[in-house]
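Take these sequences, add in the hints, and give me the full structure.
Next come the chains, spelled out residue by residue.
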Amino acid sequence: MSTTPAMSLLRPEVLAGLSNLELVARSAVEGFFQGLHRSPRFGFSQEFVEYKAYTEGDDPRFIDWNVFARTERAYIKRYLGETNTRLMIAVDVSASMGYGIGPVNKLRYAKFLAASLAYMALQQHDPTGLIAFDSKVRSYRPPSSRTGTLPAILHRLDDLEAGSATDLDASFHQLREHCQRRGLVAVISDLYCDPEALTRAVQPLAWGGHDIMIFQILDRSEIAPHWDESILLEDMESGTQIEVSPDYLRGTYRERFQEHLARIKDVAARHRADHIMLATDEPLDRGLREYLTFRNGARR
Amino acid sequence: MNWLAPWFLAGLAGIALPIWLHRFAKKTDQKHVFASSMFLEPSVVRRNRRREIRYWLLLLSRVLLVLLLGLAFAGPQLKSRILAGPQGSTLHAIVVDTSMSMRQDGSWDRAREAADDLINSLKGADRAMLVAADYRIRVLQEAVFSSDAGKLHAALSGLEPGYARLDYGALVAGTAGWGTAPGEHLVVHFITDLQQSASPLRFSDLAPQPGQRFELVNVAPQSAANLRIASAIEDPRDPGAVRIGFDGDAAALAKRELVVEINGKQVERRALKPGSLVSGERVELGNLGPGEHRLTAHLEPGDDLPADDTYYTLLRHVEPKVLVIASSNNGDDAQYLRAALGALPQPRFMVETGAPGELVKRQLGDFAAIVVSDAGLLNTAAADALNGYAQAGGAVLLTLGSRAAQMDTIPVSGAKRARGDAQRAADEPSRVGEMETSHPVLREPGAWRQVRFLKHVATVPPEKATVLMRFTNDTPLMWEQVLGQGRLLVFASPLDREWNDLAIHPLFVRFVAEATAWLAGARFDAASATVGLALDATSLRRGGAQLFDPRGERTEMLGGTDELRWVPALPGFYELRGGGRSDYVAVNPDARESRLAPLDQEAQDRWQALQPAPDAVVAVAASSSASERLVPVWFWLLLAAAALAFLEPLVANYHLNIRREQRT
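Protein sequence lines correspond, in order, to chains A and B. Position 148 (the first sequence) corresponds to 148 in the working numbering; numbering is contiguous. Position 552 (the second sequence) corresponds to 852 in the working numbering; numbering is contiguous.
No lab work stands behind these hints, which were simulated from the structure alone. No experiment lies behind these values; they were computed from the predicted model shown.
Computed, partial: chain B to chain A, Cβ under 8 angstroms:
(1) 331
(2) 332
(3) 338
(4) 339
(5) 340
Virtual Cβ for every residue (Gly too), placed ideally from N, Cα, C.
Rendered as structure tokens:
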């Protein structure tokens, strides 16, 4: 695909040059929609979705009086743009997310993605919340669509820094406490965890009726490390130093990594979650498209 | 092993530096952070093996570099000891006679064939060298092993005989410098026509050097008959004619014609008679006019040795002018000098007499020589003029008379008048004591010693002067000086009869004429120039000139363009070109090369008898094998260090590249 000027704005290295996350999010999202030739305000479309029985508190302006005349029951007509989804963005801020050899490390890329998702969601008045975690929840903002939510989320994103090791069990236990109402949970992480732990983390959410998107952010050098010489590697989370040979990195490491990915995908598939692996040198549009597709699909 | 500068071995301590650096480098090895060690597994053994092998290579190159530099500066010398085999190895010197006689029909082909056979017969560890011998001994190919016989064949293929003479004694003496390896003996295979005329004066000069053996390879033709033109002389009593002389086989005169050319133009062609060998042939040339004429006489058709069928000579119809400076034209000294100079038939001088003032007025460059009867006659201006003439290449004969005896310094010469006993002895009768009889002017010591000197001028010649003759009291009588390009002879007594009786001796005329001729260079006899003999034509020309050989190719002289000395290699007319004129020198082959008679069998046997037995040669060679040679090896060490210095950055750069990869 050729890169149009608008699409080039989605490139992480371009976004990295922008001054704040709001600008990043707006550039990313609007650039994305410009590429799609579609209005970002898709939540206000006139596409009919369903009838809902009128209950107290509903806006009487939306009562379908024709149906009332035929059935003498009050129904409210709902459209696509009016179906709101609660979006909880869970950003992994463990130490490993601070890794990256390019201009954008994984955490920064995660911030760009989270900001763009929040921007996009809030554009359609989806209540959007943020939770940052490593071994525990570091930051939390409950979902909301009120004015001022976006700056608040972006401000929190700005403040995030890579922390300690990842503990999905503990973090997601707290997340579940904050996500009592059904919605969409976007997990942004490098997923350096036991797939079983991931299962334990997302399974309760899935059973609770949440739609789960798992954005796995990785650096190219993690996917396919390349050194000609044996190298002493230090784990960013544990500080463990391991001397590895290039042969190992070219062979066994990649096999193990792919195996891990496969298991992650399997976990995601088993819980009807969407797994999107993004490299930090990849434009954001793929992540946004996946989100849009997944959101629409999840609502239907 | 010896060491020239063993204290440089202390520099080997520098080896510690690269070792320390490498140890340091390992400690500062960089870590690289990684997102997670989840999929990593230690592979320490492999890593160490690969890294350390590479670093060991770098360390090794650095240690070796320091080691080689330290050793090279310490100047190691290896003792080389090469033992002879059971028979010892042999250095075969294949010497090919390239003298003119080898041009005789068939000789050269046989010589090359013999040389080829010898080269092909080389075997094993034997080495061989190829040498050409005539007036000089040229090593055409240094000693090579039999596996490199192709080089010998190649060198032989380009070899041709020359026109010079070979003296066997000179050849045998020349082999002394041919180095053999320890344990190696030298066998000289001498391929020659065994000319009798090539024998040295002393037969013992043919005895080979210790450890050498001469093996003669005779390629002489069956017939030694030969005829050559021996001379072409212009008889002063028979002007306008030249007499051609012959030498060799009278039978060869039949059916041959004599062709005479003057300056390249044929002037005579006649058939020869048997009696011509004795009487020669008189050839009428007519009036050739003044100047120098190139005469070429040759025989047609050519015989088996055509190289000596042509004779070259110059006919000089030049009458050089001599200026005699005397106090009076009618004085004794002037008359004696004029008479003496005029008496010489060849060269014929044109004598002019003048007062000292003439030296300032006349164009002195027109005169071949200037004779001053008394140096005391010269005033400052005349002395300056005469000095300038000499510096420019002129020839001056100064005699010292009564006026010179009054001076402290002799003009032009710069000699100081002697004081003390020498001055007092100058007024007493004396006779000639020591003299340089080898000088061309002084040939009759007996006659000189009969000359009585009543007085003379006692002088101290300049340091660079060559004293040719002294009185019995050791005072110099005659000396020679070089003034710039010119030459000065000083005779410390006048040539009149007041101070000595030289003028009444028969010696006088010859002395004056020969001294003047010597100074003027008129004695230079171009016809006598011979191929292979050094020729000094300094007297022929003043100043620089370019030399061209008979083929018209420019030839280098021995002492540059200022000293006209060279060794002619070709017969014919050499041309000295420069200063707007050309001078020719006629060069002919050595007459001895035309005598083709071989050494008789008895002489050959005696020569062979001088050769040591093969076993004796091997024994000498074996004894030399015990000697040890010290071979310096610093050069090779430095060469290896230079190679390592080139490789070390490459190896180091390889490692640095790895570091860069890690950072990116």
